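A.B. asks: Whenever a hint applies, use it, and build me the whole structure from the sequences.
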Amino acid sequence: MSQLSDPKSAKMSAVLSETDIDGTVYDPTVQLRGPGVAQRRFFLFGASIAATAYAAWLMADVLGADQLTTMEMVVVAFFAINFAWISLSFFTGIVGLILRGLKRDAITLKRLKPIVRKGSLRSKNVVVIPVYNESPDRVFAGLRASYESLAKTGEIDAFDFFVLSDTRDPDIWVAEELAWAKACTDLNARGKIFFRRRAENTERKSGNLKEFCETYAANYDHMIVFDADSVMSGEAMVNMAYLMENNPDAGIIQSPPQPTGRQTLFARILQFISRVHGPTMSAGLSFWCMGSSNYWGHNAIIRVKAFIECCGLPVLSGKPPMGGHILSHDFVEAAFMRKAGWRCWLIPQLEGSWEELPPNLIDFAIRDRRWCQGNMQHGRLMVAHGFRPLSRLHFFMGVMSFVSSPLWLLLLLSSTIATLQNTQLTHSFFPGHFTMFPQWPVDRSFEMLVLLIFTIGMLVLPKIISILMVCFGRDRKQYGGVMVLISGLLETLYSALQAPIMMMLHSQFVFSVLTGNQVGWDAQERDDAGVPFKAALKTHRTIIVIGLVWGAVAIFVDTAFFWWLSPILAGLVLSPWLTHYSSSLAVGKAARRMGLFVTPEEYDSPDELRALKRFTAEAGEGDVKDGLMRLIEDPYANALHSALLPARKPDARTAIEIGIIYEKLARLGVESLTRDEKLLILSWPVKPLDQIMAGRDVHPSENPKKQS
Amino acid sequence: MTDMTVATQGFSYAAFESAAMTRLIEDTARAWLRSFGMANTQANHRLVTALRDALAQDSFAANDRTNMQDLLDQAAHDAIAGWLATVTGQHDCYGSTSFSMLRCAFLSANRDGVWSEHFLDSERDHRDLAMALSVQMMLPTPSLKSCEMPRQSLERRAS
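Residue numbers (the numbering used here), protein chains in the order written: chain A, 1 to 708; chain B, 1001 to 1159.
If you are wondering where the hints come from, they were derived from the structure by calculation, not from laboratory data. It should be emphasised that the depicted structure is a prediction, and the values quoted were computed from it without experimental measurement. A few of these clues could be false.
[Stated by the list, open to error] In silico lysine to aspartate or glutamate, DMTMM-like type, Cα no more than 25 Å apart, as pairs:
#1 Lys-625(A) - Glu-200(A)
#2 Lys-649(A) - Asp-1073(B)
#3 Lys-664(A) - Asp-1078(B)
#4 Lys-152(A) - Glu-618(A)
#5 Lys-182(A) - Asp-1112(B)
#6 Lys-1145(B) - Glu-155(A)
#7 Lys-192(A) - Asp-1092(B)
#8 Lys-319(A) - Glu-1155(B)
#9 Lys-182(A) - Asp-527(A)
#10 Lys-613(A) - Glu-671(A)
#11 Lys-319(A) - Glu-351(A)
#12 Lys-124(A) - Glu-1148(B)
#13 Lys-192(A) - Glu-235(A)
#14 Lys-664(A) - Asp-1092(B)
#15 Lys-625(A) - Glu-671(A)
#16 Lys-1145(B) - Glu-214(A)
#17 Lys-339(A) - Asp-1112(B)
#18 Lys-124(A) - Glu-200(A)
#19 Lys-1145(B) - Glu-200(A)
#20 Lys-152(A) - Glu-351(A)
#21 Lys-463(A) - Glu-601(A)
#22 Lys-152(A) - Asp-169(A)
#23 Lys-649(A) - Glu-1155(B)
#24 Lys-1145(B) - Glu-203(A)
#25 Lys-625(A) - Asp-676(A)
#26 Lys-649(A) - Asp-1092(B)
#27 Lys-1145(B) - Asp-157(A)
#28 Lys-182(A) - Asp-157(A)
[What the hints assert, rightly or not] Here chain A is said to cover these stretches of chain B; the calculated rule only asks that three of the stretch's residues, wherever they fall, bring their Cβ under 8 Å from a Cβ of chain A:
#29 1027-1038
#30 1137-1145
Glycine included, C-beta positions come from ideal geometry on N, C-alpha and C.
C.D. replies: Okay, structure coming up:
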């Protein structure tokens, strides 16, 4: 393992001589360095501020044509904040487009070249997969696909895999153990793939990783963090490890994961636009963030020593949701890395990194609710001591990804009130002071149009150009050929209708967090689950009512204003239909047949994704329905479970409790046990059936229920 | 469960073996063999003998909190762990985790029943079985390398 633990000395040795103090030679062709970091940021922030100032001035000019009322000033203020947000995103997109168009590396600004490794890996790496009540079939299918791909690179000896289970469901727990044993046997990977389950899952995922760091992580130089639905190609993983080896001041290297694998219309639309426009945004972000990029929590490689030394998360003062343990840990870990001097890089050209999306809008919103709570905590970290300015900006962006929704809502509501006020006022030709010259009403419809086009343009222009680049590029066949244009058009329409729904949901989430409501910890839905219309209607009923009332008020105020608001109102009123039909697997598949929303992963699936599909299909047959029953009946599962338990003895009280539960099990059968009772039994070596039933006169033919 | 605490009542096992005790010994042996995926007659005979020997030698620590079933289970565990220690050459076969790991390995190696008749046979040369077990041994975790991950502070450090 490398002895370097100080990023400054690591950087110095790499920069000065490309040779470390211990004689390690670094490959100069993969050094993460680039010119003009300050200029890049000056350009991006300068352009964003200038565009925002111009838009705010235009808005003030339009609204204050006659006279700027207090409510109109509020509108201008909200508009400026929101526009700054759009503007930053717009210029990031524009830079990304230029880089993609010129085929330039976002960091070095040199011509893009694939990574050519010189020699084998020197480091020891581990792929960690923290799981919590996830489908073991899916988790181990992803692991196996990635393992096989890694084996093909010839660098498998430099990697181990570690499944870190936080699972609390007894059936899933047993299924995970069996899936682990099967993977080890099938892949001949005993001593390469490890498994451990945490008895207490404090601090959720970050606590799971912390526990790993304090026990086994020090055996490794780097860890690649997976999500339960992650898959990575062997090439991508080896390249990441190679980059880490040759950039000794790098603390985190993030790959941009591509969403894939879902078939519902909702997921396919998102997969499509992420594939088309995602690389643009990644390139733009990487361009101005440079070594201060963010960490997205998975599909990234981390320097273990640095992580252990400087990423132990603090506990925020006060009660949850704003206090307590940090939920969205990834941004914070990146900020602590930066604080300690380590660099965090986003490498847009790292391909072969995949994840899965929630299959429908409801599950997407559920995930956002969880993220919202975590990101809102970042508001407190923004002003905490010691973080770098760009880390604070990342925190701010995290907060704004949710707070921008209530701000838009407030902007729209204040616009409605301002319009209502204006209709009540009669124009004053001689305002304020005595004069011979009247103040005539001014028509600002042209400026309004300019402002509208300017705003919408900034919102959609980078995306449209990304779509056009794909359409006129050599790879357009992989995106459905010319159908990519129709896909892009439909995606724009869909996202316009979905935006007001997300605005309402996010506003509700922010309000919920600020009023002290907490969210639980559930596994993400990872199947192509649809949303029945009644469920969608029930979820969105408040949104529909708001849309209808708002529409009625807008018509009452001004018909022109109603039409102005109509795209937003349409999204709100149509929300249940949009949610229901977009969650449809049949519609998603029909779109695929028509060549709509096609991604390269669908057109020509990479080996890893094909393997994932194959393993998932195979594993589906061996699903464990009742884990405890399996342990009672199957000697192998029983032995395996006992072997994976920590060596300890129950105290007297626990022993009595376990005895009572076994008595209940013997008399009333396994179905009489609660989940907690099963968990307690499973926390200790499980007795086999004949031991449970010993001393009882059981006659299966007379009382078959007792047997089970 | 049988609650005959023979040892605590001071009887010598050699004196008598009731029909109930015979049944208990045989049930215990059968249950333990089943936990190793076997129903082999020879293996069963060896385990029954081992249990009887243990009772005859009165080798259990007398304890009024344990019942006969527990004593027999302990005897069966020790007999099998002792045999596994001989086979593998490892001393650490008695612990819960290592014993379970070896049980897993034996179950995997003995899927076709090829080792069943050699189970608990201390006379035989077990190098081939030891090899088969080592191939099938699972390793849930690598070596422990403990360290502390200190919590970072958000407070301004006192100068």
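A.B. asks: Give a verdict on every hint.
C.D. replies: These are the hints, each one checked on the structure:
| no. | hint | result |
| --- | --- | --- |
| 1 | Lys-625(A) - Glu-200(A) | holds, 24 Å |
| 2 | Lys-649(A) - Asp-1073(B) | holds, 16 Å |
| 3 | Lys-664(A) - Asp-1078(B) | violated, 29 Å |
| 4 | Lys-152(A) - Glu-618(A) | holds, 21 Å |
| 5 | Lys-182(A) - Asp-1112(B) | holds, 18 Å |
| 6 | Lys-1145(B) - Glu-155(A) | holds, 24 Å |
| 7 | Lys-192(A) - Asp-1092(B) | holds, 23 Å |
| 8 | Lys-319(A) - Glu-1155(B) | holds, 18 Å |
| 9 | Lys-182(A) - Asp-527(A) | holds, 23 Å |
| 10 | Lys-613(A) - Glu-671(A) | violated, 33 Å |
| 11 | Lys-319(A) - Glu-351(A) | violated, 41 Å |
| 12 | Lys-124(A) - Glu-1148(B) | holds, 20 Å |
| 13 | Lys-192(A) - Glu-235(A) | holds, 18 Å |
| 14 | Lys-664(A) - Asp-1092(B) | violated, 35 Å |
| 15 | Lys-625(A) - Glu-671(A) | holds, 12 Å |
| 16 | Lys-1145(B) - Glu-214(A) | holds, 8 Å |
| 17 | Lys-339(A) - Asp-1112(B) | violated, 59 Å |
| 18 | Lys-124(A) - Glu-200(A) | violated, 29 Å |
| 19 | Lys-1145(B) - Glu-200(A) | holds, 20 Å |
| 20 | Lys-152(A) - Glu-351(A) | holds, 17 Å |
| 21 | Lys-463(A) - Glu-601(A) | holds, 20 Å |
| 22 | Lys-152(A) - Asp-169(A) | violated, 35 Å |
| 23 | Lys-649(A) - Glu-1155(B) | violated, 41 Å |
| 24 | Lys-1145(B) - Glu-203(A) | holds, 22 Å |
| 25 | Lys-625(A) - Asp-676(A) | holds, 17 Å |
| 26 | Lys-649(A) - Asp-1092(B) | holds, 18 Å |
| 27 | Lys-1145(B) - Asp-157(A) | holds, 20 Å |
| 28 | Lys-182(A) - Asp-157(A) | holds, 20 Å |
| 29 | 1027-1038 | holds (count 7) |
| 30 | 1137-1145 | holds (count 9) |
Taken one by one, the earlier hints fail for this structure at numbers 3, 10, 11, 14, 17, 18, 22 and 23, listed in ascending order.
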